[in-house]
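There are 2 protein chains.
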Amino acid sequence: MSQQTHLNDVDLDAIVALVGAVEEDGDNGNTVWQADVHWERGFRTRAAVREFAIESDEPSGLGGTDSAPNPVEQVAAALGNCLAVGYVAAFTKRGIAVRELDIAVSGQLDLRPFLGLAPGHAGYSKIEVDVRIDSDADDATLAEVHRDVVATSPVGHSLTNPVELDIRLADR
Amino acid sequence: MSQQTHLNDVDLDAIVALVGAVEEDGDNGNTVWQADVHWERGFRTRAAVREFAIESDEPSGLGGTDSAPNPVEQVAAALGNCLAVGYVAAFTKRGIAVRELDIAVSGQLDLRPFLGLAPGHAGYSKIEVDVRIDSDADDATLAEVHRDVVATSPVGHSLTNPVELDIRLADR
Numbered sequence: 001m002s003q004q005t006h007l008n009d010v011d012l013d014a015i016v017a018l019v020g021a022v023e024e025d026g027d028n029g030n031t032v033w034q035a036d037v038h039w040e041r042g043f044r045t046r047a048a049v050r051e052f053a054i055e056s057d058e059p060s061g062l063g064g065t066d067s068a069p070n071p072v073e074q075v076a077a078a079l080g081n082c083l084a085v086g087y088v089a090a091f092t093k094r095g096i097a098v099r100e101l102d103i104a105v106s107g108q109l110d111l112r113p114f115l116g117l118a119p120g121h122a123g124y125s126k127i128e129v130d131v132r133i134d135s136d137a138d139d140a141t142l143a144e145v146h147r148d149v150v151a152t153s154p155v156g157h158s159l160t161n162p163v164e165l166d167i168r169l170a171d172r
Numbered sequence: 001m002s003q004q005t006h007l008n009d010v011d012l013d014a015i016v017a018l019v020g021a022v023e024e025d026g027d028n029g030n031t032v033w034q035a036d037v038h039w040e041r042g043f044r045t046r047a048a049v050r051e052f053a054i055e056s057d058e059p060s061g062l063g064g065t066d067s068a069p070n071p072v073e074q075v076a077a078a079l080g081n082c083l084a085v086g087y088v089a090a091f092t093k094r095g096i097a098v099r100e101l102d103i104a105v106s107g108q109l110d111l112r113p114f115l116g117l118a119p120g121h122a123g124y125s126k127i128e129v130d131v132r133i134d135s136d137a138d139d140a141t142l143a144e145v146h147r148d149v150v151a152t153s154p155v156g157h158s159l160t161n162p163v164e165l166d167i168r169l170a171d172r
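From first to last, the protein sequence lines stand for chains S and B. Taking the working numbering, the leading residue of the first sequence gets 1, the next gets one more, and so forth. Taking the working numbering, the leading residue of the second sequence gets 1, the next gets one more, and so forth.
Rather than coming from a laboratory, the hints here were simulated on the basis of the structure. Hints should not be assumed to be uniformly reliable.
To be verified - SDA-like mimics (lysine to any residue), calculated; alpha carbons at most 20 Å apart, straight line:
no., chain 1, residue 1, chain 2, residue 2
1, B, Lys93, B, Asp139
2, S, Lys93, S, Leu169
3, B, Lys126, S, Leu169
4, S, Lys126, B, Glu164
5, S, Lys93, B, Pro59
6, B, Lys93, S, Lys93
7, S, Lys93, B, Arg112
8, S, Lys126, B, Asp27
9, S, Lys126, B, Asn161
Can you build the whole structure from these sequences, using the hints too?
So, in structure tokens, the structure goes:
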């Protein structure tokens, strides 16, 4: 039993309990996620997320000191990390062991809008992702898992759909 | 001179050089950013970004082991980190010293699409950001800086505009 519910080291019991709670009351699915960013110096910042920290800087070519991944790299990492959760969850639900999973994320970004040299979209224009999975799944299951993951990825959907941003400058 | 070009510890010379290179040839503004995600166990992954790593996990309530920020928290952090770069760059360009800068990011996300309990948008529905800056800028300058930053944020625009995602499952 404990073997079964920890396939791929995923705590399936916790997910089943969460699904039950959200089925019982949809409000239990409404979550809030936070990060508190503190400026250190130059382009170096530190985001506090619960008890964790995500450090950030820019490469020297962009005026930073190259001491940490930059914010757009953090987005690329978040996308790959999110898709990995999706694949592992989808395999685990189907009782399939994952042996290896690697995800390469590569995004294209035109710096001109950020630099004020052109108007328009300053973000990623396109992000390409190559997923490599080693498991016992047959091709049909693999294709089904892939469709499910793409259809339900929180970070993926935050990028493919417009998210409402409300950025307020508080009184000093 | 070195004082002037390192206001707020930003290497303004590097940015001026980059702007010059991109003005000379727009292709110099076309950048690619990458992350290589490796699955460790459960929902725990490690994204390699150049020589850096971004670790990721899910809270125990979501079936993880709560050892690192989760992917949607990484997006919240990336947004705050990106906006901080924008504000510091905008102030530095105007010759204004920044004393303190803190950015609180809070995003709302309905877990039901991710859990397969409802169709639709699995990502953030809305992200609220509170920026607190201590500087010598007057109110008009502050408002202008704010407009510029919101209009040119790479991570902000990656969220507010639909980004094309191409997620490919490679042969094992």
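- [ ] Of all the hints given earlier, name the ones this structure violates by number, lowest first.
- [x] Of the numbered hints, 2, 6 do not hold.
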